[in-house]
Structures are given as C-alpha cells and as structure tokens.
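Colleague: Numbering-wise, the numbering used here puts 144 at position 144 of the sequence shown, and it's gapless, one number per residue.
No lab work stands behind these hints, which were simulated from the structure alone. Where hints are given, some of them may not hold.
Unchecked claim - 25 Å max Cα-Cα, derived DSS-like pairs, lysine-lysine:
1) 188 to 129
2) 114 to 27
3) 115 to 157
4) 110 to 181
5) 104 to 157
6) 157 to 188
7) 54 to 104
8) 49 to 129
9) 114 to 147
Claimed, not checked - Here are the in silico distance ranges between beta carbons for each label pair:
10) 172 to 148: 42 to 52 Å
11) 170 to 59: 39 to 49 Å
12) 68 to 159: 40 to 50 Å
13) 24 to 102: 34 to 44 Å
14) 64 to 138: 27 to 37 Å
15) 139 to 58: 33 to 43 Å
16) 83 to 59: 22 to 32 Å
17) 168 to 144: 29 to 39 Å
Quick reminder that beta carbons are idealized off the backbone N, C-alpha and C, glycines included.
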Amino acid sequence: MKRTIILASLFLSFSAVSFAQSWKLDKAHSRFGFTAIHNSINEFHGNFKNYDIKLMAPTEDFSGASVELTANTASINTDNERRDGHLQSPDFFDATANPTITFKSSSFEKVADKKYKITGDLTFHGVTKTVTLDGTLNGIITTPQNKKVAGFTVTGKIKRSDYNFASGMPVAMLSDEIEIKANSEFVKE
C-alpha cells in the first residue's frame, strides 16, 4: 500500500511538471519600452533593443504562470544616438553600474477573461520594489507552420523617484510617473 501511494505521488508530480508549458519570446514581433512626459507637455517614448522574457505556464489559460524579464540598459533606443548616449550615462540609467533591468513574477493571477494581475519584483537602477502589472492575453493562434503563438500586452506605472532614477531631473522636465509596456509574442516550445 505504501509503495502504491509513493508511485501515485511520483506520477502526479511528473504529470504536473510535464504540463508546464515553456513559451519562447518572438523578438521580431515584440517590444519592451517606456513612456514618460517630457517638459510637462508631451509623451516621450523609448525601448530596449536587447532584452528577453521567459514565460512558463502550468495551465492552458496561463493562470499561475511565471514570467521573468531581463533588459540590457545599454540597449536603450529613442531613435536619437546622442540622447541614447546621455540616457546610458550616470545622469539616467547609469548603464555601467546598473547594466540590467529585471522583473521576476511572484504571482500571475487571472482576474477576468484574458485579463491578469502580474505581481513581482522589479529591479531597476539598483533598487528592487514589488510592483503589480496589468496583463492582457491578446489571443492564441496556430500558425500555418503549425506553431502555437500567444500575444500579450503588459503595462504598469512606476515612479522614477522610487528607484532613484534621474534624481537631478526636475519633474517639470521629466515626469516622475513612468509607464512601462511590453507587447510580446511567444511561441510554445
């Protein structure tokens, strides 16, 4: 009897592990970036060219999924080389001292049809804070190549002052509130 219970436990453990689905980021159809208000009058956008997002889902509807993001701060892109160089400096991202931005989820909760609350630790500019992001599953398709692809949009707002980011920049020139956004396509592995 004891042996049957042990075997059943092992079988259930392996079944749960084998159901966890790994989804690989399709970088050609994805973007991770931010929006801030410049001079109190206009949106300013930027993104990161070098980043990766890992997504693991234990269920078909992504409930209880886990996500990890790593972005290289030196890959900042605002379509202006001079500004990008300044943004890499200690005045802003300080890419030498703080080479990455990371996010690691602690919870991925489905709150409505195709809507999620994703909570986790965001490490930015050497500071780690727990944040909650809004996620939308834009859809899941099977491509003509018979690959399963999922599209997600994840957004959230942080205060740059919470991360000691651009502390010498007045709020009138650069908003304290920064919106972060990831538009991502993932291919099921």
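Colleague: Each of the hints needs a verdict: does it hold here or not?
Modeller: Okay, the hints, checked on the actual structure:
Under the criterion of a C-alpha separation no larger than 25 Å, the hint pairing residue 188 with residue 129 is inconsistent with the structure, at around 30 Å. Taking the CA atoms of residue 114 and residue 27, the gap is about 22 Å. The hint holds against a cut of 25 Å. In summary, the hint linking residue 115 to residue 157 is supported, as the alpha carbons are separated by about 17 Å, within the 25 Å threshold. Restraint check for residue 110 and residue 181: the C-alpha separation of about 19 Å stays at or below 25 Å, so the hint holds.
Taking the CA atoms of residue 104 and residue 157, the gap is near 16 Å; set against the 25 Å cutoff, the hint holds. In summary, the hint linking residue 157 to residue 188 is not supported, as the alpha carbons are separated by about 29 Å, beyond the 25 Å threshold. Among the hinted pairs, residue 54 with residue 104 is consistent with the structure: their alpha-carbon atoms are about 10 Å apart, no more than 25 Å. Simply put, residue 49 and residue 129 have alpha-carbon atoms about 24 Å apart, close enough for the 25 Å limit, and the pair holds.
A C-alpha spacing of about 20 Å is found between residue 114 and residue 147, which places the hinted pair at or below 25 Å, so the restraint holds. The supplied range of 42 to 52 Å is met by residue 172 and residue 148, whose beta-carbon atoms lie about 48 Å from each other. The supplied range of 39 to 49 Å is met by residue 170 and residue 59, whose beta-carbon atoms lie about 46 Å from each other. Taking 40 to 50 Å as the suggested C-beta distance range, the pair residue 68 and residue 159 does not conform, at roughly 23 Å.
Checking the proposed 34 to 44 Å range against residue 24 and residue 102 shows it is violated: the Cβ atoms sit about 18 Å from each other. Our hint of 27 to 37 Å for residue 64 and residue 138 is violated, since their Cβ atoms are close to 19 Å apart. Hint check: residue 139 to residue 58, Cβ distance near 20 Å, so the stated range 33 to 43 Å is violated. The supplied range of 22 to 32 Å is broken by residue 83 and residue 59, whose beta-carbon atoms lie about 43 Å from each other.
Separation of residue 168 from residue 144 is about 52 Å and departs from the stated range, judged on CB atoms against 29 to 39 Å.
This entry does not satisfy hints 1, 6, 12, 13, 14, 15, 16, 17, going by the numbered hints stated previously.
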